[in-house]
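The lines below spell out each chain.
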Amino acid sequence: MKYQSVFEIIGPIMIGPSSSHTAGAARIGRAARSLFGRAPKKATITLYGSFAKTHKGHGTDVAIVGGLLDFDTYDNRIIDSLVIAKDLGLVVEFIISEEETKYPNTARIVLEDEQGKIEVEGVSVGGGKADITQINGFKVKISGNLPSLLVIHEDRYGVIATIANVLGLNEINIAYMEVARKEKGSLAMMVVDTDQAISEEIIGKIAELPYVRQVALLIIK
Amino acid sequence: MKFTNVAELIALTKSEGKKISEIMIEAEMEQHNRTREEIIAQMERSLEVMQAAIEKGINEDVKSRSGLSGGDGKKLTQYLAEGNYLSGATILEAVSKSVATSEVNAAMGTIVATPTAGSVGILPGTIFATANKLNSSREEMVNALFTAGAIGLVIANNAFISGAAGGCQAEVGSAAAMAAAAVVEMAGGTPEQSANALSIALKNMLGLTCDPVAGLVEVPCVKRNALGAANAMIAADMALAGIGSIIPADEVIDTMYRVGRIMPVTLKETALGGLAATATAKRLEKIISGESLT
Numbered sequence: 000m001k002y003q004s005v006f007e008i009i010g011p012i013m014i015g016p017s018s019s020h021t022a023g024a025a026r027i028g029r030a031a032r033s034l035f036g037r038a039p040k041k042a043t044i045t046l047y048g049s050f051a052k053t054h055k056g057h058g059t060d061v062a063i064v065g066g067l068l069d070f071d072t073y074d075n076r077i078i079d080s081l082v083i084a085k086d087l088g089l090v091v092e093f094i095i096s097e098e099e100t101k102y103p104n105t106a107r108i109v110l111e112d113e114q115g116k117i118e119v120e121g122v123s124v125g126g127g128k129a130d131i132t133q134i135n136g137f138k139v140k141i142s143g144n145l146p147s148l149l150v151i152h153e154d155r156y157g158v159i160a161t162i163a164n165v166l167g168l169n170e171i172n173i174a175y176m177e178v179a180r181k182e183k184g185s186l187a188m189m190v191v192d193t194d195q196a197i198s199e200e201i202i203g204k205i206a207e208l209p210y211v212r213q214v215a216l217l218i219i220k
Numbered sequence: 000m001k002f003t004n005v006a007e008l009i010a011l012t013k014s015e016g017k018k019i020s021e022i023m024i025e026a027e028m029e030q031h032n033r034t035r036e037e038i039i040a041q042m043e044r045s046l047e048v049m050q051a052a053i054e055k056g057i058n059e060d061v062k063s064r065s066g067l068s069g070g071d072g073k074k075l076t077q078y079l080a081e082g083n084y085l086s087g088a089t090i091l092e093a094v095s096k097s098v099a100t101s102e103v104n105a106a107m108g109t110i111v112a113t114p115t116a117g118s119v120g121i122l123p124g125t126i127f128a129t130a131n132k133l134n135s136s137r138e139e140m141v142n143a144l145f146t147a148g149a150i151g152l153v154i155a156n157n158a159f160i161s162g163a164a165g166g167c168q169a170e171v172g173s174a175a176a177m178a179a180a181a182v183v184e185m186a187g188g189t190p191e192q193s194a195n196a197l198s199i200a201l202k203n204m205l206g207l208t209c210d211p212v213a214g215l216v217e218v219p220c221v222k223r224n225a226l227g228a229a230n231a232m233i234a235a236d237m238a239l240a241g242i243g244s245i246i247p248a249d250e251v252i253d254t255m256y257r258v259g260r261i262m263p264v265t266l267k268e269t270a271l272g273g274l275a276a277t278a279t280a281k282r283l284e285k286i287i288s289g290e291s292l293t
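Protein chains in written order, with numbering that gives the first Met the number 0: chain X, 0 to 220; chain L, 0 to 293.
By construction, these hints were calculated from the structure, which means they are not laboratory data.
Source: prediction; values computed, not measured.
No residue lacks a Cβ here, since even glycine has one placed at the ideal position from N, Cα and C.
Treat the hints with care, as some may be off.
[Claimed, not checked] To give an idea of the chain L side of the interface with chain X (calculated C-beta under 7 Å), a few residues:
id: 1; residue: L144
id: 2; residue: G148
id: 3; residue: L152
id: 4; residue: A164
id: 5; residue: A213
id: 6; residue: V216
id: 7; residue: P263
[Said to hold, decoys possible] Covered, in the sense of this in silico footprint (three residues per stretch, anywhere, with C-beta under 8 Å from a C-beta of chain X), are these stretches of chain L:
id: 8; region: 27-35
id: 9; region: 42-55
id: 10; region: 97-107
id: 11; region: 115-123
[Said to hold, decoys possible] With a cut-off of at most 30 Å between alpha-carbon atoms, the simulated DSBU-like pairs for lysine-lysine come out as follows:
id: 12; chain 1: X; residue 1: K41; chain 2: L; residue 2: K1
id: 13; chain 1: X; residue 1: K220; chain 2: L; residue 2: K62
id: 14; chain 1: X; residue 1: K1; chain 2: L; residue 2: K17
id: 15; chain 1: L; residue 1: K74; chain 2: L; residue 2: K222
id: 16; chain 1: L; residue 1: K73; chain 2: L; residue 2: K285
id: 17; chain 1: X; residue 1: K1; chain 2: L; residue 2: K202
id: 18; chain 1: L; residue 1: K285; chain 2: X; residue 2: K220
id: 19; chain 1: X; residue 1: K1; chain 2: L; residue 2: K1
id: 20; chain 1: X; residue 1: K181; chain 2: X; residue 2: K101
id: 21; chain 1: X; residue 1: K183; chain 2: X; residue 2: K204
Only chain L is shown next, with the shape it has when bound in the complex (with noise of 0.2 Å):
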């Protein structure tokens, strides 16, 4: 691999004059011995399915089959159509798509997972409301994904990208730091603002648990999708406006690695901890499981 870890790939940014994105496109050239056409094409082609995706979520009744999702993503875009909203129209539109996206995959849609099925809506939810914000060309959302492919690459040979082995932080936490820098370089962001935008976003999801209720990838994961997008937005905005991360990249990442190999079992994916040992969640599980799923 062209990059190891996040400075690695800064300073190739910076020794060639490329983006991020360009990096990762040249990279994957590389490695894997194929042209550039197929690998846009490639990515074009996930783009298009997160765009289904977030329609599908968006116009019809999703619902999964547990019932404990579905129908939040359609009603956060009517509550943003009315126009009373406290936050940002950008972040709330990032937050719907997110959660939007988040249901059809709990409703078992077709679905690109970015870099997991149980973050799946961040990174199409805040590219598309970016895209939307910026005018920016479908090129634009392309390379955005490579640039958030490159963090996650990073993230995923670093530490973890699963709930299963790092929690929650792992997962959405992941996928908000790769979300955030992508969000950064749509934005016409430098790099190095990318790395800073990625650090915020993740160091503000240490030690988030992964207590899925009945061990299902809906209750509080689609509501996690919604707060990980915010969460992007706001690191990218704040990079942007030059702030920096005192921690850098590689090091928070690395914090993200050793919290996560201290985290107890029971608070990483085993629906033992946390929201999944609830009165609630236990009173759910017993009814979902009681009902026939064949």
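For reference, chain X alone in the conformation it holds in the complex (with noise of 0.2 Å):
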């Protein structure tokens, strides 16, 4: 049975999404989603520091679901995110965590189908903003409002230049570039923030490129 317990009809008691504490955990839910590109089947949340002692109480498992099922850190479905989605078929998972991060208030989200699976670290830095810290166990710091092209390739001599051939060939301007690798010769990620927008059509040439593992843009919104 899907539901076994009276307080999931009657109840959560909340208050509206928009309160900052709801938001930074929507905004990293919604990233974590945006990375995926899809609705996910399963996710499994782990929380951490003062997320993981407050989470009930707080409305943050409530709003990092709601960020899962893409919606907007205003919208005031978010209450019910997890009525939705089990309605929806999502199942959600949440651990509770002791151990101690960086940062006060850390999540991180595994999003997973048949297709595949990934696996988000996000903080929120109050007043409603969260940056994202790693991704598929590269650390990172993407935060903001701007969108961050993320690429996963083989790490090999020349990739980094055929995706900034790309991104010149289209008069794409690089602001800012990350490169990490987890360990040499395996699997590296890039991140680039760029002055003009990139179209899906550019997504999909890069996704093309030999040793291109995956593409995805990250928009934090």
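Put the two chains together into one complex, using the hints given.
In structure tokens, the structure reads:
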């Protein structure tokens, strides 16, 4: 049985989702959804620090799942997110962790379906804002409203150049770029912030390049 | 779970000689290893939040961020006080309190989702209006919440309770069914009468679309809460008058499920169809998204 408690029906008690402690959580969820690129079938959410301690009372759980359902931070359907997720067949599991983390309000989200899996870690930094600090094991620092292009590729010479070439040919200027790898010769990730918008077509071209494994555009909305 | 459908729930009330609310309280205690005092206290807290939301919606000038809702609960309450209304006082009170609660939700106030924020007004509106009419005790009102919860659990486990999955028939329809059953118990009706009431209420909302203007839980959601509350009160009265539902509750719930499955996605909380696709809705959507929401 999906629902096991009367308090899942009469409840939760919630204040509207515009409050800053839920907005940050919702943004992390939405960023994870954006990266996954489709509606996930299963979400495993680990909460650390004060997220872990206050998650039920402060609506963190409801907010994160709202983000996973691609709701805007001010969408008051967020209150119903746990119910909607259940109805739509998205399985959600929450894990409360005692582990110490660098930042107080941290959530690690694993999203999966038959096609694949991603892992995203984010931090609610206050005032409703969120930073993404880890993607699939790569440490990053993505914040703010500008989209970041993420490319996961094999760690080989020339790959970064071919990607930068596609951008150049399309007259897109790179404002900021960070490359990281887990270990030499395995997978690497590139985060690129650009001056111009990146279209679906360009994302498609980059995805077709040799040794490129995955491309996504991440915006923390 | 001690009961998986309405038939099993009613059978339990008969075999154990208890009300639906009592069966639910005991099931909750057993399932989650909690004491009666804890469970009752938690439900009482919800009742308090519901009361506060009603009072806020009726007494304060509530307005949503978008401006699409707010103030109707207050208007209706004043209209009721003036005395020149057509419908009954209790039903209008249920409606005005439902609207008030729904407006508080839209204005980001504190509410209790019953079972969702979209249908937030129906249960509190009907319970508080009925309590006023019958001079019910706080305990009877808390019990009503347990009865509503039991029905809601059955619906949630056998069909849907969210508009996104099953259309408004699943949200407002379910809440109206829950409220009808709860109010019957408050009025001293039998569990069978509660079952009839929920059937009558839900039957009347089959096929109801989820078509929120600009994707916000305001238009027509607030007014759907109004009619959902009215529906629940009428269904309860019919059941208490001895009227039965020809189609039994579990089959009505299953019908809601089947209808929800066939409903096109454009009519299920996607703001792509129904009222959300009208010229006025589109115009409002443009204006609202043009405003800064931060």
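Evaluation of the provided hints:
The interface hint given for L/L144 holds, since its Cβ lies 5 Å from the closest Cβ of chain X, which is under the 7 Å cut-off. A least Cβ separation of about 4 Å between L/G148 and chain X falls short of the 7 Å threshold, and the interface hint therefore holds. The beta carbon of L/L152 comes within 5 Å of a beta carbon in chain X, closer than 7 Å, and the hint placing it at the interface holds. Among the interface hints, the one on L/A164 holds; its C-beta lies about 3 Å from the nearest C-beta in chain X, closer than the 7 Å criterion.
Checking L/A213 against chain X: minimum C-beta separation of about 11 Å lies over 7 Å; hint violated. Restraint check, L/V216 versus chain X: the minimum CB separation of about 5 Å is within 7 Å; hint holds. Among the interface hints, the one on L/P263 is violated; its C-beta lies about 16 Å from the nearest C-beta in chain X, farther than the 7 Å criterion. Three residues within the 8 Å Cβ limit are the bar, and the region 27-35 of chain L against chain X gives 3, so the coverage statement holds.
With 4 residues having a beta carbon nearer than 8 Å to a beta carbon of chain X, the region 42-55 of chain L meets the requirement of three or more and the stated coverage holds. With a cut-off of 8 Å between beta carbons, the region 97-107 of chain L has 4 residues touching chain X; three or more are needed, and the interface restraint holds. Only when three residues or more bring their CB closer than 8 Å to a CB of chain X does the claim for the region 115-123 of chain L stand; here the count is 4, and the claim holds. For the proposed pair X/K41 and L/K1, the alpha carbon gap of about 28 Å is at most 30 Å, so the pair holds.
Taken as a hint, the X/K220 and L/K62 pair is honoured in the structure, with Cα atoms around 25 Å apart against an allowance of 30 Å. Between X/K1 and L/K17 the CA atoms are separated by roughly 25 Å; this keeps the pair inside 30 Å, and the hint holds. Using a Cα cut-off of 30 Å, the hinted pair L/K74 and L/K222 holds, with the two alpha carbons roughly 13 Å apart. For the hint linking L/K73 to L/K285, the alpha-carbon distance of about 28 Å falls within 30 Å, and the restraint holds.
The suggested pairing of X/K1 with L/K202 holds, with an alpha-carbon distance near 24 Å, which does not exceed 30 Å. A hinted pair counts as satisfied when its Cα atoms are at most 30 Å apart, and L/K285 with X/K220 qualifies at roughly 19 Å. Using a Cα cut-off of 30 Å, the hinted pair X/K1 and L/K1 holds, with the two alpha carbons roughly 14 Å apart. Distance check on the hinted pair: X/K181 and X/K101 sit about 20 Å apart at the alpha-carbon level, within 30 Å; holds.
About 26 Å separates the Cα atoms of X/K183 and X/K204, which keeps this hinted pair within 30 Å; it holds.
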